[in-house]
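Undergrad: So the chains spell out like this:
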Amino acid sequence: MMSPARRLRPLFTLYLPVLPFVLFALFPLYFMLVTSLKKNAELYDVNSVPFLIKRGVTLGHYQLLSQDTLFWSWFVNSLIVSVAATVISVVIGILAAYPLARLRFPGGDSFGVAIFITYLVPPSLLFLPLSTVVNRLGLSDSLWALVVTYPTFLVPFCTWLLLGYFRTVPREIEECAMLDGCNRLQTLVRILLPVAVPGVICAALFAFTLSWNEFLYALVFVSPAELKTMTVGVFSELIRGDIYYWGGLMAGACIGSLPIVVAYVFFLDYYVSGLTAGAVK
Amino acid sequence: MADEDVARLAARGDAETARLSDFLVRDTPVAYAFIAPAFFLLLFLVAYPFVLSLWFSLSDARVGETGNFIGLDNFARLLRSGIFLQTLQNSIVFTAAALTLKTVLGMALALLLFRLVRFKRLIRGAILLPFIVPTALSTLVWWWMFEPLYSVVNWTLKNLHLVNHDIPWLPDPYLAMFTVVLVNTWRGLPFFAITLLAGLVAIPRELYEAAESDGAGPVGRFWHVTVPLLKPVLAVVFLFSAIFTLADFNIVYVLTKGGPMNMTHLFATYSFALGLQSGQIGQGAAVSLFLFPILLAVVFVQLRLVRKSTDL
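Respectively, the protein sequence lines represent chains A and B. If you count the first sequence from 1, position 75 lands on 75 in our numbering, and the numbers rise without skipping. Heads up: take any position in the second sequence, counting from 1, add 281, and you land on our numbering.
Treat the hints as calculated values from the structure; they're not laboratory data. Hints are supplied without guarantee of correctness; some may be wrong.
Said to hold, decoys possible - Residues of chain B clear of chain A, computed beta-carbon distances all greater than 10 Å: (1) N349; (2) Q367; (3) E428; (4) L441; (5) L443; (6) P452; (7) Y455; (8) G498.
To be verified - Okay, the calculated beta carbon distance ranges per label pair: (9) B:L586 - A:V57: 50 to 56 Å; (10) B:Y455 - A:P20: 22 to 28 Å; (11) B:R486 - A:N40: 52 to 58 Å; (12) B:V374 - A:S142: 35 to 41 Å; (13) A:Y244 - B:H446: 19 to 25 Å; (14) A:V49 - B:Y455: 47 to 53 Å; (15) A:G56 - B:F459: 31 to 37 Å.
Claimed, not checked - Here are the computed lysine to any residue pairs in the SDA-like style, where the Cα-Cα straight-line distance is at most 20 Å: (16) B:K401 - A:T13; (17) B:K401 - A:L275; (18) B:K401 - A:R9; (19) B:K401 - A:F267; (20) B:K401 - A:P10; (21) A:K39 - A:V57; (22) A:K39 - B:W436; (23) B:K401 - A:E42; (24) B:K401 - A:V18; (25) B:K401 - A:S140; (26) B:K401 - A:L8; (27) B:K439 - A:D45; (28) B:K538 - A:Y245; (29) A:K54 - B:V433; (30) A:K54 - B:Y431; (31) B:K439 - A:L275; (32) B:K401 - A:Q63; (33) B:K439 - A:E42; (34) A:K39 - A:F75; (35) B:K439 - A:L52; (36) B:K439 - A:F27; (37) B:K401 - A:S273.
Everything numeric in this text was worked out from a predicted model, so none of it was measured. We put the beta carbon where it would ideally sit given N, CA and C, even for glycine.
Required output: the full structure, derived from the provided sequences and hints.
TA: Below, the structure written as structure tokens:
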């Protein structure tokens with residue numbers, strides 16, 4: 001039987017110290033939501049309490065966003081680009097990870113190292129020459145520019161993640177299938193992939209999240225307002241000169257984060273395992 | 282006689298199995314076919330742009346012009362330019378400060394999360410959130426929180442009577458650097474905490490019990506068990522984050538655009554300003570290439586770490 005003092009101890013040594021971290025993490029997101037629902041009169045009143053909404057909730061900022069801006073076009077653009085880039089990258093990643101995990105072939109090790117190096121290349125190193133390449137391919141100012149360039153950072157990530165995952169799957173079943181006359185592609189699709197579904201989901205979730213959140217390439221490669229993605233559109237079209245539509249900006253930030261937060265709530269464990277896969281394995 | 286036959290048959294069986302599994306892992310044409318899409322993608326959209334970037338950095342290329350070879354002029358000019366030297370200094374300060382904060386706070390947070398029993402999932406989920414939401418959008422709310430007139434931070438400080446005037450967070454060069462470091466820490470801390478937590482979970486409990494029976498207190502156990510065993514994970518997380526902190530673009534671009542007075546420019550934002558906004562692609566490429574030696578060093582160390590851990 002624990003004494004009440006001992007039972008209370010974790011409250012002070014554990015939950016109390018965790019609290020500032022949780023507040024630090026969540027407060028900006030809370031403040032984003034509160035600002036987006038607050039009427040302008042209260043928003044720009046220096047004497048009102050900024051944390052709360054006391055003079056009524058409004059959906060005005062969301063209306064402004066829907067009616068006066070191309071917000072939903074940006075949303076759809078982000079969706080198209082993210083889905084396309086994710087599908088392409090996961091397929092290419094699965095194909096590349098399979099031989100790296102299962103086969104021995106000349107150049108295999110070097111290719112693995114090359115994948116690893118590209119995995120670590122930040123987009124800000126290559127955006128200038130890439131914009132020239134995109135130009136020469138005739139893709140600038142179209143969503144294709146993003147569908148084609150996002151796989152440059154998604155494929156190394158997916159390959160690396162799936163490579164680690166495939167290696168944890170025992171190879172015996174595949175060998176049996178091959179002795180029964182399956183070819184490599186059949187073995188990969190029918191035997192390995194069904195077992196590796198969690199790894200594939202994880203790769204797809206991260207690829208989608210990284211595409212949805214991407215900012216630099218979208219800013220550089222696509223300039224027409226109606227073709228912008230979510231992140232760039234909200235940032236560049238809602239600030240006109242020195243006038244800031246803070247309510248609208250925060251409404252845009254809320255809806256722009258929503259798909260990722262929803263996916264996150266449903267697939268939390270996949271996010272955690274994907275995040276730690278690179279570092280711990 | 283019979284035994285020998287059995288032994289011989291068995292030996293042949295072993296050899297055949299060995300040959301068979303050797304055959305099963307050797308299929309070069311298929312390997313190349315599977316790798317081809319990734320290979321060509323990396324060749325045309327990573328390796329080629331990289332070579333192009335090297336060429337740009339050695340030329341006087343401008344937007345729409347290929348430019349002429351000018352040797353190392355771009356680099357020489359950069360090293361004489363006050364703005365670039367400021368950028369270099371900013372990058373070092375920004376990366377060192379953000380990495381220190383993320384490592385120390387990340388370690389502390391991981392140790393706390395590790396001991397959680399109740400609301401474990403909920404708290405971990407909340408902690409990870411800043412890492413998942415789009416940085417360009419979440420940085421907007423930080424901008425709003427530090428807005429000169431309506432800053433919620435200033436409002437709170439004033440109402441707690443800690444200050445009696447508005448603090449100019451973003452217009453002041455030093456405070457602006459503080460702010461971008463803070464936002465970078467906010468976004469990157471979950472990555473450190475959650476990954477280090479995974480490392481903590483992997484440490485066998487027996488080691489702690491052994492250390493405890495040898496008379497080690499909590500501090501002793503931390504330094505003699507946790508830290509040595511967490512070192513590989515810590516190194517990987519640290520190096521990974523070092524690259525992406527140094528190469529940060531979104532936070533600085535959204536919050537300060539490199540200002541005030543270039544005091545928060547990093548390689549990425551300065552390269553963007555030179556290469557795209559003033560059209561000097563050669564100079565811009567030269568700036569971004571300063572990221573490359575650091576990238577190489579990190580790759581080198583990480584590959585050694587990865588190899589070491591797979592050998593063991």
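Undergrad: It remains to establish, for every hint, whether it holds in the given structure.
TA: Checked hints:
no.	hint	verdict
1	N349	holds, 16 Å
2	Q367	holds, 18 Å
3	E428	violated, 7 Å
4	L441	holds, 13 Å
5	L443	holds, 16 Å
6	P452	holds, 14 Å
7	Y455	holds, 22 Å
8	G498	holds, 15 Å
9	B:L586 - A:V57: 50 to 56 Å	holds, 52 Å
10	B:Y455 - A:P20: 22 to 28 Å	holds, 24 Å
11	B:R486 - A:N40: 52 to 58 Å	holds, 57 Å
12	B:V374 - A:S142: 35 to 41 Å	holds, 39 Å
13	A:Y244 - B:H446: 19 to 25 Å	holds, 22 Å
14	A:V49 - B:Y455: 47 to 53 Å	violated, 30 Å
15	A:G56 - B:F459: 31 to 37 Å	holds, 36 Å
16	B:K401 - A:T13	holds, 15 Å
17	B:K401 - A:L275	holds, 18 Å
18	B:K401 - A:R9	holds, 17 Å
19	B:K401 - A:F267	holds, 16 Å
20	B:K401 - A:P10	holds, 13 Å
21	A:K39 - A:V57	holds, 7 Å
22	A:K39 - B:W436	holds, 18 Å
23	B:K401 - A:E42	violated, 37 Å
24	B:K401 - A:V18	holds, 11 Å
25	B:K401 - A:S140	violated, 46 Å
26	B:K401 - A:L8	holds, 17 Å
27	B:K439 - A:D45	holds, 15 Å
28	B:K538 - A:Y245	holds, 19 Å
29	A:K54 - B:V433	holds, 16 Å
30	A:K54 - B:Y431	holds, 17 Å
31	B:K439 - A:L275	violated, 39 Å
32	B:K401 - A:Q63	violated, 38 Å
33	B:K439 - A:E42	holds, 19 Å
34	A:K39 - A:F75	violated, 24 Å
35	B:K439 - A:L52	holds, 17 Å
36	B:K439 - A:F27	holds, 19 Å
37	B:K401 - A:S273	holds, 16 Å
Checked against the numbered hints given earlier, the structure breaks hints 3, 14, 23, 25, 31, 32, 34 and satisfies all the rest.
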